[in-house]
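There are 2 protein chains.
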Amino acid sequence: MIARLNDAEITAALPDVPGWTRNGDGIERQYRFADFVTAFAFMSRVALLAEKADHHPEWSNVYNKVDVRLTTHDAGGLSARDFALAKAIDG
Amino acid sequence: MIARLNDAEITAALPDVPGWTRNGDGIERQYRFADFVTAFAFMSRVALLAEKADHHPEWSNVYNKVDVRLTTHDAGGLSARDFALAKAIDG
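Line by line, the protein sequences are chains A and H. So for the first sequence, the working numbering puts the first residue at 151; every next one is plus one. So for the second sequence, the working numbering puts the first residue at 151; every next one is plus one.
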C-alpha cells in the first residue's frame with residue numbers, strides 16, 4: 151500500500167513542482183510545443199520515465215498540446231510517487 | 151479546404167473501419183493492450199502514421215488503454231483523411 155498524502159503534505163509538496171496544479175485527487179500540467187513531432191518526442195521521454203518509475207500518467211494529446219494528470223490509484227489520491235514523477239518529467 | 155463528408159458518405163465509409171464508431175464530428179475507437187509498454191508502442195506507431203499523413207489524432211492514454219478520436223478541423227467535421235488514417239492505424 152502506498153501512503154496517501156494529506157492536504158498539508160500536498161500543500162507542502164506543490165512548490166517543488168512549479169507549473170503543476172492540484173485538481174482533486176491529482177496534479178495536472180499542460181505542455182505546449184511547436185508541433186506534433188516535438189510534443190510526441192516529449193511523450194516518448196515521459197513514457198520511459200513512467201515505465202522506469204512503474205507509475206503512469208493519465209494523459210492526452212491534441213497536436214502540439216499534451217495534458218498530463220498524475221494520481222495514485224493504489225493510494226486513493228496523491229502520493230509521493232506523483233510528485234517524484236512530476237519532478238522527473240520536468241527535470 | 152478539405153471536403154467534409156455528408157451523413158450518407160459517412161454511413162457508407164464506416165463499414166470500412168470496423169471497430170470505429172461515429173461520435174458527432176468524429177470517429178472513435180478504444181484500444182486495450184496487455185500493459186503500458188504495449189500501449190505506448192502502439193501510440194508510437196500511430197504517431198509516425200499521423201505525421202506521415204499530416205493528420206493527427208486527439209487521443210488519450212491511461213496505462214493499457216488508448217482512446218483515439220479522429221476529426222478534421224479544417225473540414226469542420228469528418229473527411230476522407232479520418233477514414234484513411236483509421237485504416238492505416240488498423241492496417
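No wet-lab data here; the hints were simulated from the structure. A couple of the hints might just be wrong.
To be verified - 16 Å max Cα-Cα, derived EDC-like pairs, lysine to aspartate or glutamate:
id, chain 1, residue 1, chain 2, residue 2
1, H, Lys237, H, Asp185
2, H, Lys215, A, Glu201
3, A, Lys215, H, Glu208
4, A, Lys215, A, Asp166
5, A, Lys215, H, Asp185
6, A, Lys215, A, Asp175
7, A, Lys237, A, Asp185
8, H, Lys215, H, Asp185
9, A, Lys202, H, Asp166
10, A, Lys202, A, Glu178
11, A, Lys237, A, Asp166
12, H, Lys215, H, Asp166
13, A, Lys237, A, Asp157
14, H, Lys237, H, Glu201
15, H, Lys202, A, Asp224
16, H, Lys215, A, Asp185
17, H, Lys202, H, Asp157
18, H, Lys202, H, Glu178
Said to hold, decoys possible - Listing some non-contacts, in silico: residues in chain A with all C-beta distances to chain H over 12 Å:
id, residue
19, Glu159
20, Thr161
21, Arg172
22, Ala189
23, Ala191
24, Met193
25, Ala197
26, Pro207
27, Lys215
28, Arg219
Glycine included, every Cβ here is placed at the ideal spot set by N, Cα and C.
Hint check results:
1. For the suggested pair Lys237 of chain H and Asp185 of chain H, the alpha carbons sit about 23 Å apart, so the restraint of at most 16 Å is broken.
2. For the proposed pair Lys215 of chain H and Glu201 of chain A, the alpha carbon gap of about 15 Å is at most 16 Å, so the pair holds.
3. Taking the CA atoms of Lys215 of chain A and Glu208 of chain H, the gap is about 10 Å. The hint holds against a cut of 16 Å.
4. At most 16 Å may separate the alpha-carbon atoms for a hinted pair to count; Lys215 of chain A and Asp166 of chain A exceed this at roughly 23 Å.
5. This hinted pair does not check out: Lys215 of chain A and Asp185 of chain H have alpha carbons roughly 24 Å apart, beyond 16 Å.
6. A threshold of 16 Å between alpha carbons decides the hint, and for Lys215 of chain A with Asp175 of chain A the separation of about 22 Å lies outside it, so the pair is violated.
7. A distance of roughly 23 Å separates the Cα atoms of Lys237 of chain A and Asp185 of chain A; the hinted pair therefore is violated under the 16 Å criterion.
8. Annotation: proposed proximity of Lys215 of chain H to Asp185 of chain H holds, straight-line Cα distance about 8 Å (limit 16 Å).
9. At most 16 Å may separate the alpha-carbon atoms for a hinted pair to count; Lys202 of chain A and Asp166 of chain H exceed this at roughly 39 Å.
10. Between Lys202 of chain A and Glu178 of chain A the alpha-carbon distance is near 20 Å, which puts this suggested pair outside the 16 Å criterion.
11. With a C-alpha separation of about 8 Å, the suggested pairing of Lys237 of chain A with Asp166 of chain A holds against the 16 Å cut-off.
12. Taken as a hint, the Lys215 of chain H and Asp166 of chain H pair is broken in the structure, with Cα atoms around 23 Å apart against an allowance of 16 Å.
13. For a cut-off of 16 Å, the pair hint linking Lys237 of chain A to Asp157 of chain A is broken: about 19 Å separates their Cα positions.
14. Between Lys237 of chain H and Glu201 of chain H the alpha-carbon distance is near 15 Å, which keeps this suggested pair within the 16 Å criterion.
15. At most 16 Å may separate the alpha-carbon atoms for a hinted pair to count; Lys202 of chain H and Asp224 of chain A exceed this at roughly 39 Å.
16. As the CA atoms of Lys215 of chain H and Asp185 of chain A are separated by approximately 24 Å, the hinted pair breaks the 16 Å bound.
17. Under the criterion of a C-alpha separation no larger than 16 Å, the hint pairing Lys202 of chain H with Asp157 of chain H is inconsistent with the structure, at around 27 Å.
18. A hinted pair counts as satisfied when its Cα atoms are at most 16 Å apart, and Lys202 of chain H with Glu178 of chain H does not qualify at roughly 20 Å.
19. For Glu159 of chain A, the condition that its CB be more than 12 Å from all CB atoms of chain H holds, with the nearest at approximately 25 Å.
20. The claim that Thr161 of chain A lies off the interface holds: its Cβ sits roughly 26 Å from the closest Cβ of chain H, which is beyond the 12 Å cut-off.
21. No beta-carbon of chain H comes within 12 Å of the beta-carbon of Arg172 of chain A; the shortest separation is about 19 Å.
22. Look at Ala189 of chain A: its CB is around 9 Å from the nearest CB on chain H, not clear of 12 Å, so calling it non-interface is violated.
23. Some Cβ of chain H comes within 12 Å of the Cβ of Ala191 of chain A; the nearest lies about 9 Å off, and the non-interface call is violated.
24. Look at Met193 of chain A: its CB is around 7 Å from the nearest CB on chain H, not clear of 12 Å, so calling it non-interface is violated.
25. Some Cβ of chain H comes within 12 Å of the Cβ of Ala197 of chain A; the nearest lies about 5 Å off, and the non-interface call is violated.
26. For Pro207 of chain A, the requirement that its beta carbon stay farther than 12 Å from each beta carbon of chain H is not met, with the minimum near 8 Å.
27. Distance check on Lys215 of chain A: its Cβ comes as close as 10 Å (rounded) to a Cβ of chain H, failing to clear the 12 Å threshold; non-interface status is violated.
28. With a least CB separation of 9 Å from chain H, Arg219 of chain A falls inside the 12 Å interface cut-off, contrary to its annotation.
Taken one by one, the earlier hints fail for this structure at numbers 1, 4, 5, 6, 7, 9, 10, 12, 13, 15, 16, 17, 18, 22, 23, 24, 25, 26, 27 and 28, listed in ascending order.
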